[in-house]
Amino acid sequence: MDVVLSAASKTLTREQPLALPSFAEAVEANKAMVFSIAWHFIRDRAAAEELAQDVFLELHRHWNTLKSAEHLVFWLRKVASNRCIDAVRRGKLHRVISLEESAEPTALERVQDPLLSAYLERMVASLPEKQRILVVLRYQEGMQPEEIAKVLKMNVSTVKTQISRALDLLRTKTAQRLRQQKEADTR
Amino acid sequence: MNDFEKQLERALARREPSSDFVLRVMRAAAAEQQSNRGRNSLLERAGAKWFRDRWEAALRFAPVFAALVLAAGGAFYQHHEHLMQGEVAKHQLLVAMRIAGEKLHSAQQQVVSIGAEQAIN
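First to last, the protein sequences are chains A and B. FYI, the numbering for the first sequence is 1 to 187, going by this note's numbering. FYI, the numbering for the second sequence is 1 to 121, going by this note's numbering.
If we strip away everything but chain B, and leave its shape as in the complex, we get:
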């Protein structure tokens, strides 16, 4: 370090702030902590009130909600039953058509075999 740098070092020597600086810092820190605590408890209280209000509203609307759920469930069940009945009817119709087809086929075969016998005779 040369002379100029040493002179600069001396010129930039540390200085002391006011004698009450530490006290002011400690007071400001304590005040900030206090206000943070107050704000936090206010937030907690506000949060608790928000949840309590929502819970009470939920309890008030619970019977309506239950009725809605039951009605929706009933409608869904009815719709499902209707679909099932349609499926059964469709299946029965297909079975009936197959039986009728088989009967018609055997009657046709009998007619053909009688016709053939008459032609031989």
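Just chain A, with the same shape it has in the complex:
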């Protein structure tokens, strides 16, 4: 009986939406997510921080419309993604930042191959806007295509196709790069 009750309460807890934290807690808990979406999209630390700040100010204005912690994360991902695309489309972020020029933010986890990782980051930033945001949401946030489709209001099949195309492009470019590097090393 206890086992049944415990299982039921677990199911209930899982299905119940998590309570909304305070605004300050929400900023603290989600700052890395929002900033990283912007950073991987535009690769300009100052612009990414400004964009992330704008997203949180927008959140502050819409605070009363949010229903749960899940809704909060969904809302932040949606607004951050749309703002990144809008900023690039409006030509607000026309300045191209080279990797050497921009200060590298502290990584939360240690990367295994720093050179390849840095190269991949640059490659992601050079993808077309839609493919870029899809790759960021898929591999930074670990979101499933269905979730991404909801956030960006796209077809699931389009999301899958675009991610697959982006991966092909990244794979080809990375292979080329590694080949060039190997040739240079042998010389």
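Since the hints were derived computationally from the structure, they do not count as laboratory data. Ideal placement from N, C-alpha and C gives every residue a C-beta, glycine not left out. Accuracy of the hints is not assured; some may be wrong.
Far from chain A by the CB rule (all over 12 Å, computed), these chain B residues [said to hold, decoys possible]:
1) F21
2) A30
3) K49
4) A66
5) A72
6) G74
7) E81
8) A89
9) K90
10) R98
11) I99
12) L104
13) S106
14) A116
15) A119
Straight line, CA to CA, 27 Å or less: simulated DSSO-like cross-link-like pairs of lysine-lysine [claimed, not checked]:
16) K173/A with K6/B
17) K130/A with K78/A
18) K150/A with K103/B
19) K150/A with K78/A
20) K153/A with K78/A
21) K173/A with K67/A
22) K182/A with K6/B
23) K130/A with K6/B
24) K78/A with K6/B
25) K130/A with K160/A
26) K173/A with K160/A
27) K130/A with K153/A
28) K160/A with K90/B
29) K150/A with K160/A
30) K78/A with K67/A
31) K78/A with K160/A
32) K173/A with K130/A
33) K103/B with K90/B
Covered stretches of chain B (in silico footprint by chain A; criterion: 3 or more residues with CB under 8 Å from a CB of chain A, positions within the stretch not fixed) [unchecked claim]:
34) 11-17
35) 53-60
36) 109-115
Take the given structure of chain A and dock chain B to it, following the hints.
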């Protein structure tokens, strides 16, 4: 997920913004809230002033407005009275014409009956 995707996942690991990021956001949010409050109270004050000005203007023009309403009402009443008098006169004329017609008809019948008697005699 294959090796390339895992590598991509590692490359796109989350980064931390500046250490003062939260503080800056909270300050900006507080400043925005403050300016909104100021703007709202300014709007309220502006709105109240607008209504007060209109109300005072309305009070100033109230006697003129009342006089205009009375004059218009009087003119309408006079016009209505005039129409009613015309209707009564028309009705009286019709009644008089009907009576005159009836009298003429009976006189004509009498003349016809006298003529017939004389012809028999």
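Now the hints, each set against the structure:
no. : hint               : verdict
1   : F21                : 6 Å, violated
2   : A30                : 9 Å, violated
3   : K49                : 28 Å, holds
4   : A66                : 49 Å, holds
5   : A72                : 52 Å, holds
6   : G74                : 58 Å, holds
7   : E81                : 65 Å, holds
8   : A89                : 75 Å, holds
9   : K90                : 73 Å, holds
10  : R98                : 82 Å, holds
11  : I99                : 86 Å, holds
12  : L104               : 92 Å, holds
13  : S106               : 95 Å, holds
14  : A116               : 107 Å, holds
15  : A119               : 112 Å, holds
16  : K173/A with K6/B   : 17 Å, holds
17  : K130/A with K78/A  : 13 Å, holds
18  : K150/A with K103/B : 99 Å, violated
19  : K150/A with K78/A  : 9 Å, holds
20  : K153/A with K78/A  : 9 Å, holds
21  : K173/A with K67/A  : 43 Å, violated
22  : K182/A with K6/B   : 22 Å, holds
23  : K130/A with K6/B   : 21 Å, holds
24  : K78/A with K6/B    : 24 Å, holds
25  : K130/A with K160/A : 12 Å, holds
26  : K173/A with K160/A : 20 Å, holds
27  : K130/A with K153/A : 12 Å, holds
28  : K160/A with K90/B  : 92 Å, violated
29  : K150/A with K160/A : 13 Å, holds
30  : K78/A with K67/A   : 15 Å, holds
31  : K78/A with K160/A  : 18 Å, holds
32  : K173/A with K130/A : 18 Å, holds
33  : K103/B with K90/B  : 20 Å, holds
34  : 11-17              : holds (count 7)
35  : 53-60              : violated (count 0)
36  : 109-115            : violated (count 0)
Checked against the numbered hints given earlier, the structure breaks hints 1, 2, 18, 21, 28, 35, 36 and satisfies all the rest.
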